[in-house]
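Residue strings, one per chain:
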Amino acid sequence: MSTAQFFFGYFAVMLTGLSVLVVTRKDPIHSVLWMLVLFVHIAGLYLFLNAEFLAAVQIIVYAGAILVLFLFVIMLLNLRNEERVKKFQTQWPLGAGAGALLAIFLCLIVGKVIVLAPLGRYSEDAVNGDGNLMAIGKILYTEYLFPFEVASLVLLVAIIGAVVLAKRRLE
Amino acid sequence: MVPLNWYIILSAIMFSIGVVGFLARRNLIIMFISIELMLNSVNISLVAYSHYLQSLRGQILVFFIITVAAAEAAIGLAIIIAFYKNNPTIKVDEINLLKG
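Protein sequences, first through last, are from chains A and B.
Going by my numbering, the first residue of the first sequence is number -6, and it counts up by one from there.
Going by my numbering, the first residue of the second sequence is number 171, and it counts up by one from there.
One or more hints might be untrue.
What the hints assert, rightly or not - DSS-like mimics (lysine-lysine), calculated; alpha carbons at most 30 Å apart, straight line:
| hint | chain 1 | residue 1 | chain 2 | residue 2 |
| --- | --- | --- | --- | --- |
| 1 | B | Lys269 | A | Lys160 |
| 2 | A | Lys105 | B | Lys269 |
| 3 | A | Lys79 | B | Lys269 |
| 4 | A | Lys131 | B | Lys261 |
| 5 | A | Lys79 | A | Lys19 |
| 6 | A | Lys80 | A | Lys19 |
| 7 | B | Lys255 | A | Lys19 |
| 8 | B | Lys255 | A | Lys105 |
| 9 | A | Lys79 | B | Lys261 |
| 10 | B | Lys261 | A | Lys80 |
| 11 | B | Lys261 | A | Lys105 |
| 12 | A | Lys131 | B | Lys255 |
| 13 | B | Lys269 | B | Lys255 |
| 14 | B | Lys269 | A | Lys19 |
Rather than coming from a laboratory, the hints here were simulated on the basis of the structure.
Construct the entire structure; sequences and hints are all you get.
Right under this line is the structure:
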């Protein structure tokens, strides 16, 4: 077993175990904190795949912004009396069965995936020449300029929508 | 060298765990966290394809998925707060106003 396979095995075991922890904890705070550990491991996996920019974005946006938003909402809702009740719905075996079936099908389908597409020109050496960030920036601001602008519009709508939804009614 | 299939299978397993969490839990916030888990598992498979195909398109796509996930989390949590003001519960089986 090579070193790369050993590290992948570590990440695979940790990511699977942390995912199970995230969806089974009773207290939402614990769930969110396990999610934080999960995001750090996903960022490690991105570094492993030579995606340094995305590893940084994963930490900054997911761990820094989205999870803090979740924590603030849990704090605002003050859910102490909700935690003592049962945590799964009555039809949870059906949901678990559907998830297990989905996992089996997906693994059967992608277990023997063969990639026939021609390789692109961004090989590891080509990207490492002037860095992952510069390579992504060059594509993002030329080929994907219009989707980039649309993404800014999506964020603007999200800001306005969140404020409008959560504000108190003005009498 | 790690085969591409391993990443895709890891991504599939994480996605399925997210699906189970979404279908089985009663807590609305944990259902939202399960959605984030599913989005992240898809991101892993996209980055793996991007690496193995030597193309950066997968990483660009992940960038946009993170944008949409941030927007979705903000709007979804705002909806939860707006609902909680009228009806103080976040148990999904007690949110049945559309049941008729």
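Do the hints match the structure? See the list:
no.	hint	in the structure
1	B/Lys269 x A/Lys160	holds, 27 Å
2	A/Lys105 x B/Lys269	violated, 44 Å
3	A/Lys79 x B/Lys269	holds, 22 Å
4	A/Lys131 x B/Lys261	violated, 46 Å
5	A/Lys79 x A/Lys19	holds, 9 Å
6	A/Lys80 x A/Lys19	holds, 6 Å
7	B/Lys255 x A/Lys19	holds, 23 Å
8	B/Lys255 x A/Lys105	violated, 50 Å
9	A/Lys79 x B/Lys261	holds, 10 Å
10	B/Lys261 x A/Lys80	holds, 9 Å
11	B/Lys261 x A/Lys105	violated, 40 Å
12	A/Lys131 x B/Lys255	violated, 46 Å
13	B/Lys269 x B/Lys255	holds, 20 Å
14	B/Lys269 x A/Lys19	holds, 27 Å
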